[in-house]
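J.: Protein chains in written order, with the working numbering: chain A, 10 to 534; chain B, 25 to 329.
The hints are simulated quantities; they were obtained by calculation from the structure and are not laboratory data.
You may find that some hints are simply not true.
Derived pair list, reagent style DMTMM-like, types lysine to aspartate or glutamate, alpha-carbon separation capped at 20 Å [what the hints assert, rightly or not]: (1) B:K40 x B:E30; (2) A:K223 x A:D105; (3) A:K495 x A:D357; (4) B:K177 x A:E424; (5) B:K231 x B:D150; (6) A:K302 x A:D292; (7) A:K413 x B:D186; (8) B:K177 x A:D383; (9) A:K362 x B:D74.
Source: prediction; values computed, not measured.
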Amino acid sequence: MKRSLFLSTALAVLSFGAAAHAETLRWALAGDALTLDPHAQNEGVTIMLQSQMIEPLVSRAPSGELEPTLATEWAVKADDPNVWVFKLREGVTFHDGATFDSEDVVFSMDRARSEASQMKGIIASVAEVRATGPYEVEIVTNGPNPILPASLTSIMILDKGWTEANNAVTVQNVAAGEVTFSSTNVNGTGPYMLVSREADARTVMRAYDGYWGKDAFPLAFDEVIFTPIQNASTRVAALLSGELDFIQDVPVQDIERVKATAGLKVESSPENRSVFFGLNVSDTLVAGNIDGKNPLADVRVRQAINMTINRDAIRDVVMRGQSVPAGIIMPPFVNGWTEELNAYPTPDMDAAKALLTEAGYPNGFPITVDCPNDRYINDEAICQATVGMLGQIGIQARLNATSKALFFPQVNAMETDFYMLGWGVPSYDSEYIFNFLYHTRDESYGSWNSTRYSNAELDAQIKAIAAEVDLPKRDALIAEMWETAKNDLAYIPVHHQVLNWAMKDTLAVTVDADNQARVKYFALN
Amino acid sequence: MIRRFEAFWQSDFGWKFRHSPMAILSALITVLLVGAAVLAPLIAPYNPFDSSSLNLMNGFSAPMVPNAFTGDVFLLGTDDQGRDVFSTILYGLRVSLFVGVLAVLFGLVLGVTLGLIAGYAGGRVDGFIMRVADIQLTFPAILVAMLIFGIAKGIIAPQYRDQMAIWVLIIAIGLSDWVPFARVVRGATMVEKNRDYVQAARLIGRKPMAIMVLHILPNVLNPILVIATISLALAIIAEATLSFLGVGAPPTQPSLGTLIRIGQTFLFSGEWWILLFPAATLLALALAVNSLGDWLRDALNPRLK
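With the hints as constraints, model all of the structure from the sequences given.
T.: Okay, here's the thing in structure tokens:
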């Protein structure tokens with residue numbers, strides 16, 4: 010009797026122990042976050058890792074809807090269209106116990122708008138951020154900005170006291186190889202706290218007991234171990250052998266195998282990202298002109314290239330069906346997308362050759378295609394296929410495939426004539442694409458426009474849609490701008506990627522179209 | 025010619041060859057593979073280096089199975105870009121052998137020159153050259169090659185990189201394997217230089233350069249031949265390793281190593297032919313050359329007579 014009582018107690022303790030037992034999520038993808046400083050790098054993986062620990066005012070739920078996070082409600086001020094009023098969440102604490110209030114928001118927004126911040130382009134329209142109470146802030150914009158809340162989803166809020174006390178007010182300069190306190194430490198309001206981090210090797214996070222959303226989200230995991238594994242086959246092998254629970258980037262050729270493995274599943278969704286080629290459309294080629302001219306400056310040459318790329322073949326063979334061919338560099342989720350705009354030409358080598366001849370290049374011309382080999386799904390293979398297709402109309406293309414660490418600085422410095430790029434649209438609005446990719450490159454606009462494309466009329470329209478509050482009128486303007494962009498072909502669209510997240514089948518996860526996995530939404534079944 | 029071959033066949037050396045099945049087999053495989061590489065443009069059904077001739081829709085065709093889209097049949101299948109694996113292996117062999125042979129020649133000339141100078145001059149010159157050799161030996165050869173490759177990539181303008189890649193590979197691998205040549209030649213030179221014939225040459229007033237090249241060098245050729253053969257196998261593997269790591273031959277001109285790198289990403293998905301055939305070819309080539317070198321070492325070793 011005694012013995013069985015002891016046994017049942019032990020069993021009860023054990024089962025209780027099992028229920029409360031720390032659930033660990035072992036998670037991998039190809040690359041690591043570049044820094045922990047939330048305002049230093051506007052890059053997907055970096056923001057994703059940070060967002061487990063630090064939060065913005067407004068975030069986007071996996072369904073794509075805007076969701077109150079550190080702000081509970083927001084509205085344009087009744088008597089001033091240039092001001093947005095945000096009510097902040099009360100009772101939120103940072104990981105070190107400090108209370109969250111409007112001071113932190115003003116501080117973080119100012120930091121995100123500071124000179125060294127890479128986030129300043131996203132909130133370029135903001136003129137002033139002021140606290141109007143401990144839990145209320147007003148954001149003043151230069152002219153009305155109807156889409157301001159959507160652009161705040163990647164602006165993270167830091168604790169003012171902590172940042173100042175640790176001399177981390179200045180944003181880290183990643184390009185200069187700087188290491189600062191804020192690039193290696195985190196104090197946010199998010200569901201997970203940083204335990205340890207070894208860059209490019211392993212980041213460990215633990216659930217934060219004082220998280221405000223404890224009852225609002227599944228929060229199935231107490232511990233998260235994030236390990237970047239660059240080699241695709243190693244990553245898949247680790248998942249198959251049970252060393253990992255979740256990998257975010259299954260190579261397309263391994264999807265079937267993962268699906269066929271007992272205990273594993275693959276969840277898919279089209280990604281909010283387009284992959285395309287950017288062409289140098291200025292008068293001079295970086296690699297030196299051909300007969301004193303840049304062939305790519307001639308729109309007929311660009312049309313010929315557009316006609317040559319066999320997007321269906323890339324989808325069927327290189328991507329094994331895991332892509333949606335594109336006729337425009339805008340993912341289907343984005344405001345402004347239409348089926349007609351997305352129509353892409355059927356490959357027609359004869360017509361393309363005729364266009365080249367008309368433009369004065371019957372025998373083609375040499376060009377170097379610059380391409381990353383570790384950024385987008387099968388990036389190098391797509392470029393290789395493109396080089397072959399260009400060869401079929403006589404363009405002697407050469408492939409220069411390098412790691413993203415070399416490739417992105419090269420593109421940013423405009424040292425390329427023909428390059429691959431992928432662009433996601435976190436604001437789900439066309440303005441984000443026009444602002445960064447089509448506007449003439451200057452201090453605050455066109456920061457990713459390495460095509461040298463410059464159209465004064467389009468530039469004026471880009472500024473106009475940022476301030477237009479009459480939505481039907483704004484949409485009409487956007488449609489007109491896309492017509493221009495599509496005809497000018499500074500970018501040759503290829504496709505929209507399809508996301509494939511592979512995981513243990515005990516996980517209940519909704520694939521986020523932005524490829525931003527947030528562990529707080531993960532549930533176990 | 026035939027006479028000469030007969031003389032060789034009847035010689036002591038020839039006898040040893042005839043009585044070593046391993047040597048005959050290795051020589052056969054080597055000749056076969058080298059012949060295939062040299063005649064690649066005649067044998068290969070496609071030119072895999074001409075990307076404009078590729079049809080992407082032919083990608084991932086299995087060996088001898090008609091492609092689902094185009095109906096084309098490929099002897100050893102195709103890779104992810106629709107390149108015929110058989111043709112690519114032939115052309116890849118060319119790249120691998122070309123790089124291997126030239127890299128060994130480069131290492132040989134460098135090593136033999138330095139070894140002769142070190143052995144003949146002795147003293148400080150000898151000390152300096154051999155310390156450099158010692159330092160270099162502490163770095164793994166592949167690391168030295170990668171270092172040189174990295175530096176070259178920084179210096180050469182992007183538009184010339186593809187054409188230069190092969191030459192950089194040759195220099196990188198050659199520079200990483202001159203040490204064994206230098207060591208052996210130095211040792212042999214130190215022995216030879218005190219022999220009477222060298223002293224005699226010196227007495228009649230021949231210049232050191234002439235003594236080294238005309239008198240000493242012919243007498244140290246045997247060990248050089250052995251090292252060169254074994255180095256060739258190592259150089260081919262080094263080239264494959266570099267290309268496998270993605271720093272070697274350009275993706276549009278694949279060598280065996282590049283093919284293996286491409287193939288390994290498709291290992292889990294069932295496209296085994298992209299990896300297996302190039303890997304088997306590399307294995308056969310390296311093994312054949314290596315065992316030929318081994319046999320040569322034994323055959324030329326007077327102590328084993």
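J.: For each hint given before, does the structure comply? Return the numbers of the non-compliant ones in rising order.
T.: none
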